Amino acid sequence: MHFKRTYTFVIGLVLLSSFAVIQSSDMTNPIQLLTTQTDYNVGYPVVLEFTASEGEKPLLYCSNSYGSTLVSAKAKNDTLQYVIPYNMTKKIGVVNWIVLDKNKSAAGQFNINPKAEVATMETYIGPPSIEAGGTDYTMLVVIPTDSLDNPVPTNTKVDAKFQFLNSEEKDAIFTKNLISYKNIYSKKESGRMLVSSESLGVNSKEFTINVWAAIPTDFKIMAKRPHNYADGNQVTTFNTSVIKDKQNNVVSDGTFVTFFITNGIGNILKTTGTTIEGIAYAKIIHPDFKDNWSIKAYVDGMAESDTITLNYQSVIEDFEVAFANKNREILVGPLQSFMKQMIPDGLHVKLLIYKDNLLVDTITKTAFNGYVTFNLKPAIYKNGSYNFSIETAGTHKTFNNKKLW
Amino acid sequence: MIVALIISGISGLFSYLNTGADRSSMLHTEIQKVEQYAPKLIWEPLQNEGRPMDNENLNALQNDYLDAWYVKQVAYKTNKTAGIKDYYTDSARENLYAFIALNKTENTTIEATTLSHNPTLEFFSEDGQLAVVTDRDVVEYKRVFKAEKLVLETTETSTYKMVFLLEDGFWRIRHLIKESSNPYLPETAKIKTDSLIIKGINYYPKATPWNMFGDAFAKDTIANDFKIIKDAGLNSVRIFVQYDDFGKANVNPKKLEKLKQTLDAAEENGLKVVITLFDFYGDYSIMNWTLNQRHAETIVSTFKDHNALIAWDIKNEPNLDFDSRGKDMVIAWLDNMIDLVKSIDKVHPVTIGWSNTQSAPILKDKVDIVSFHYYEGLSELDEAIKTMKKEIPNKPLVLQEFGMSSYNGFWKPLGSNVEDQANYHKKIQEIIAANKLQFMSWTLYDFVDVPKAVVGSRPWRRNTQKHFGFIDKNGVKKASFKYITN
Numbered sequence: 000m001h002f003k004r005t006y007t008f009v010i011g012l013v014l015l016s017s018f019a020v021i022q023s024s025d026m027t028n029p030i031q032l033l034t035t036q037t038d039y040n041v042g043y044p045v046v047l048e049f050t051a052s053e054g055e056k057p058l059l060y061c062s063n064s065y066g067s068t069l070v071s072a073k074a075k076n077d078t079l080q081y082v083i084p085y086n087m088t089k090k091i092g093v094v095n096w097i098v099l100d101k102n103k104s105a106a107g108q109f110n111i112n113p114k115a116e117v118a119t120m121e122t123y124i125g126p127p128s129i130e131a132g133g134t135d136y137t138m139l140v141v142i143p144t145d146s147l148d149n150p151v152p153t154n155t156k157v158d159a160k161f162q163f164l165n166s167e168e169k170d171a172i173f174t175k176n177l178i179s180y181k182n183i184y185s186k187k188e189s190g191r192m193l194v195s196s197e198s199l200g201v202n203s204k205e206f207t208i209n210v211w212a213a214i215p216t217d218f219k220i221m222a223k224r225p226h227n228y229a230d231g232n233q234v235t236t237f238n239t240s241v242i243k244d245k246q247n248n249v250v251s252d253g254t255f256v257t258f259f260i261t262n263g264i265g266n267i268l269k270t271t272g273t274t275i276e277g278i279a280y281a282k283i284i285h286p287d288f289k290d291n292w293s294i295k296a297y298v299d300g301m302a303e304s305d306t307i308t309l310n311y312q313s314v315i316e317d318f319e320v321a322f323a324n325k326n327r328e329i330l331v332g333p334l335q336s337f338m339k340q341m342i343p344d345g346l347h348v349k350l351l352i353y354k355d356n357l358l359v360d361t362i363t364k365t366a367f368n369g370y371v372t373f374n375l376k377p378a379i380y381k382n383g384s385y386n387f388s389i390e391t392a393g394t395h396k397t398f399n400n401k402k403l404w
Numbered sequence: 000m001i002v003a004l005i006i007s008g009i010s011g012l013f014s015y016l017n018t019g020a021d022r023s024s025m026l027h028t029e030i031q032k033v034e035q036y037a038p039k040l041i042w043e044p045l046q047n048e049g050r051p052m053d054n055e056n057l058n059a060l061q062n063d064y065l066d067a068w069y070v071k072q073v074a075y076k077t078n079k080t081a082g083i084k085d086y087y088t089d090s091a092r093e094n095l096y097a098f099i100a101l102n103k104t105e106n107t108t109i110e111a112t113t114l115s116h117n118p119t120l121e122f123f124s125e126d127g128q129l130a131v132v133t134d135r136d137v138v139e140y141k142r143v144f145k146a147e148k149l150v151l152e153t154t155e156t157s158t159y160k161m162v163f164l165l166e167d168g169f170w171r172i173r174h175l176i177k178e179s180s181n182p183y184l185p186e187t188a189k190i191k192t193d194s195l196i197i198k199g200i201n202y203y204p205k206a207t208p209w210n211m212f213g214d215a216f217a218k219d220t221i222a223n224d225f226k227i228i229k230d231a232g233l234n235s236v237r238i239f240v241q242y243d244d245f246g247k248a249n250v251n252p253k254k255l256e257k258l259k260q261t262l263d264a265a266e267e268n269g270l271k272v273v274i275t276l277f278d279f280y281g282d283y284s285i286m287n288w289t290l291n292q293r294h295a296e297t298i299v300s301t302f303k304d305h306n307a308l309i310a311w312d313i314k315n316e317p318n319l320d321f322d323s324r325g326k327d328m329v330i331a332w333l334d335n336m337i338d339l340v341k342s343i344d345k346v347h348p349v350t351i352g353w354s355n356t357q358s359a360p361i362l363k364d365k366v367d368i369v370s371f372h373y374y375e376g377l378s379e380l381d382e383a384i385k386t387m388k389k390e391i392p393n394k395p396l397v398l399q400e401f402g403m404s405s406y407n408g409f410w411k412p413l414g415s416n417v418e419d420q421a422n423y424h425k426k427i428q429e430i431i432a433a434n435k436l437q438f439m440s441w442t443l444y445d446f447v448d449v450p451k452a453v454v455g456s457r458p459w460r461r462n463t464q465k466h467f468g469f470i471d472k473n474g475v476k477k478a479s480f481k482y483i484t485n
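Chains as they are written, first to last, in numbering that gives the first Met the number 0: chain A, 0 to 404; chain B, 0 to 485.
No lab work stands behind these hints: they were computed from the structure.
Incorrect hints may have been included.
Derived lysine-lysine pairs resembling DSS-like cross-links, with alpha carbons at most 27 angstroms apart [to be verified]:
(1) A/Lys56 x B/Lys103
(2) A/Lys103 x B/Lys145
(3) B/Lys76 x A/Lys103
(4) B/Lys259 x B/Lys191
(5) B/Lys103 x A/Lys73
Predicted, not measured: the structure shown is a model, and the values here were computed from it.
Same shape as in the complex, but just chain B (with noise of 0.2 angstroms):
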């Protein structure tokens, strides 16, 4: 018996040494395109000298361009001078190399993206080997750092111009002349955020909670929902897009059109919706900031004409992640964020969905809407919001998240009931009446599963959150249900 086991067991080894590359796999013949760096990149309309350019060149020209801005902004993160090679030619990258030992040496970092191109080919060589393109007004977003500490942040509008060689298949700059350089002042038009008094609720379906645009997507049912909380007297919903779940930077279409059955939905049921963008998205680091902002830029570019639209949430609770990724970090990417929005919807106010209300003041020049959440006792909410007030004293305040769970099972014995939380919004909306706040509450129904990546595995956290709903979940309306508006 043993002498059997240990025979299949070398036999095993044996066999699964053999085993080799796969057929299809030998030759490296599928390439596959990462895509890492997708700035926004408008070429001016072709009326180059030289031999007229067709689509597939200038794209390989594009692609080539874009992939040596991202070798130099790693290389300049890293100090280290790996691809530069391959996107600069032997004596332009020596310029390059020069800039990274001075850095190595002074132990000076930049972290820098690049968020925006306009590219005019200047001229094609006859022969198709030589390219001259400017690049104007590139919007470059700086962090430098000395001995790893932030020195400056700055973003500057520069033009370059270059003489572009193709050299074994790839599109190398030969040379580089930056002809000007200016601090990035974007504009942004002042937008009206009059047009709703926003009462509404923060809507997640009642089994797909957190998986809103799934398998599970049905018109329907959120139809239904929306006709409830529009029968209850609140005229808005925040409803919520993740950017895993969305596609990243090629958002899916298929998910596009069930967000716009959700606002067709709305509109046909009388509600405004608040859309919060990034949702489940956690890293603001500088690489990613363009494929980031291509995400953003598709999703507010096709529903900012939608009826249903009111307002733009950049994203849910950003001030969370202040200490794992750093104030200044997570500030610069909302801020940068805002400006693409705006830059794409100049009608539609922004917001940030702060999770407190200490958090609030952050980038209220560049909101329209200070919106933040309230989760501790009612006791302090006035004072807060007559500090908040003092701080802000003309953006709309949006309490665009409050609530109490009606939970006190076995994991939180002692927790509210059914209750308690009706008294709960009775009085919070009183403290909403009284300080002429907008408001949107958590949430219309109890769930029954909440995904661990929400409030984590522990039992005690994921059943609390269950039961912040005015419905519950067999549909029958809570005693809070009453209080659900003023």
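The following block holds chain A by itself, in its conformation from the complex (with noise of 0.2 angstroms):
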């Protein structure tokens, strides 16, 4: 009983006593940072210095931009040193930290800040191409950097030079969020611009920009052929003036242009062209009857030309029919152009026959060495009289009451 009471009085003793080692530690001064520095230069070491307590090695919780971590304390001659990992001394920005003990007191901020020293340039520039005239413009936005990565302080100068034609620019400007950019207006001339960047004695690599013409302004058009018959062989060719936009620049190679013919009757032919250096062609086949053509071209939606006209008179004046083997063989010709000469092959002749004042059947077929023959047989176009009609080039003749048996 007696032992029993001895024991559960020095269990008491070693209780209070603890509790009493508890209190006197929360009783100590707390933890204290020594350190006075609160500015860094990136890249530089950080050791944080705080007055020890009691052995006592508490972690330090710290977080800069990018994260956070713990890291763990070193005594050294009665204090305690937290040495800040690379990865956080070499990003700059705040540090916020906290020295986790039992109450957390010991709290606190530095800076990293960023040197004055580009290792980069980074660069980019868009839209790589503009338009001519001194309204658009394309944007240079410089991120110089340190060997570290990090941007460099606020109102850091970076020049902005341009080469373009005969000038050559530079022009002076400062960072700011983090960014540097400058807008650079086109000049009223097409060409490539060549843009670079320096700063604090370091170059950008050499960027182009090219600077096309504007959108075109109304040109002209001219035609040219072999000759101004309506043979449907040869081939009118179109082609444009030089096609330039408002500020007397030539509008890009490949431009395109629609040339719209409206023929006698009022169809729309329709060819097209692209432009180089300016200049558009375009061809087409003559017409192979006689007809008059207005013709006037366009750049969709943003220049037209003049309208030109043009004339083609007929190649046959008249050919001959001649009707044999009970007048079901149909000989058309000798079809003879401007100088007598055969006309080439492939010439259309139609063939209309009717009967009874109805139109029966429609035979198109093209001359081959000058001549086309129909024949009509016996199976189809049934004994009795017709009608006929041949029309070829614009021209036509009718044969009537010619009976078949």
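Take each chain as given, in its own frame, and dock them per the hints.
Structure representation (structure tokens):
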């Protein structure tokens, strides 16, 4: 019994004393920061020093732009030292920290400041092509960064340099919000612009901006043809004048031009071409009958030409028709052109067959060696009286009451 | 016969093996965006330099920015690099990888979330490929673990400046600089709590307990019940908003409408309402905080000006989740949720429905009203109240749930009967009056059915839960009805 009491007493003492220890450690001076520096240059080691307290080595929580971590203490000469990890000291920005002792009363922050040193000129430029005329522009964005990939301090000078035709310009811009930028306006002329930048003695790469001509202005058209006969064989070539924008820059190659041809009966024919050095060519075959064309060209939605007219004369004034073999074989020809030469092969000849004034059939054949022959088979065209009409090259001949038997 | 069975079996197998991917899913054309991270984010008015910003680009930038935060939180929680490369450029991601490597070797993990962002677009380049954003007063909540042991819980407000590049269709962070950081000190205005002495009751409709806002919702039924409650001399009801049922982060407007009708019915009958949020929600994990907060934000901002509202109850009996989810985690969640609710509604008091008297002092400085539930023996109640009053001298106390089941059938032959229940209410009302407590009893009706999710599937529990009402399931007032108030 006596034994038990002593035992309890001892245990009690132990408990009390341990409680007292906790108490006293609570009462001892809280951990205090000894380091007074709060601004560091990026890349330099940062060590936070604190008063040591009773052999305790609490962790240090610290957090920067990219993340947070815990740092263990090193005891040294009655102080606690925390070495901030390199991946934190090499990035600029605020680092806040808390000593994770019991009451977490020691907390603070320090700044890691950027250095005025440029290692790379991170350059972005766009759009890569702009329009001449002084209203369109491209934007140069430069982020000068140091060797640790940090943006340089605000208000660092960046020289933006441009070369265009005979001019070379240099503009000073200053970093703000981590970047520096400059709008580069086009001049009146088209061409290529070279852009680069420099900061603290470091130069960027060269960048190229294409300054294209602006939209085309109205233009003229011309036509060229071997002769003015409607032979359905030769080719008429249209071309534009040199198409230019309002600043007199030749439009970019490949500008698409459409030629609209309105013929004598109001039908529309179309041919197209794309420009090379401002001129677009387009071709079309001659009509095979006498016609009047009026032609106008467009760059869709942007510019148009004047209107020109072309006349095509008929190549065949007259032709002969012979009936043979019970009038069932109709020989058309010789079909002769303007110099009495045989018409080139391929001219369309159309035979229209009427019975009792009703159109029964239309047969189209093409000329070969100046002649066309139509054969009317008895199985199809019964014996009887027919009217025939033959058309070619815009002329026609009619034969009434021809009897087939 | 057997042969036929075998053949049909084999043919069944063949036809199964012949089924392939559905054509519509072959090209993976549908991409469903799952909301994972939705902190409060409000853009400052757009006055950026460079090209004018449009909504479509701003939206894309915002989505990728929040995703960048999300993948970073996941990476630091798990110390794995998955997802980082989508949202940080080649050189920027190295900085995150360095942290992950360091924290992995040191066995440090960080669970974090951001609760609020106020970005300003500083610059948008002419070609639409580069943007600079300053995000001011980002509220960051962090839990830092060393060897799986929590060593720090901290909330900071920081300002970040960022350069974004549009690469491969992602807005990626190129430079990230923390410009300032301070401890977060939410300001909480003092809220008046003396507008009403609560004499109320926990309410569920008779036919649809725990499913009040479902298809069977009828304002008339609720209005009738509210009239009964008002006529009985009570002045308030406590109702429950279930997190999943109301649509989680994207609150279903139809549910809001039903809740509004309920509040309207209360107002028409002269009753005040305590709305309990986050019912049936038990996941307090940091990764879901932003989603939880959007849920609360929608509901609180919708009803903060409703005349019937008297208080917000953040969560019903959260202390029951202490064991399974970690006490500090649950408390941190509640703490931050209170800050959020108070930031939106600066008028109505906030409370937490603790399931016992021992938990009541938790967060006593944060809540405006201390609520607790009591289902234990009445003999110890008086003492428990005295203890609580000593610990919480300056906040009103509400006995927010109490009651007795009158079930003594097959599953619980020795249970209390209707008379016991009446005696219980008579006695507890005396204690309430003596201690000048505010109260809300459990509950108006005996229920026909109780969902398994509430008390489990054991019949003696479910049947007990069905008989807590002052009115039985045939609509007849039980003896206890006389003692519904003091």
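Determine which of the earlier numbered hints do not hold for this structure and return their numbers in increasing order.
-> none
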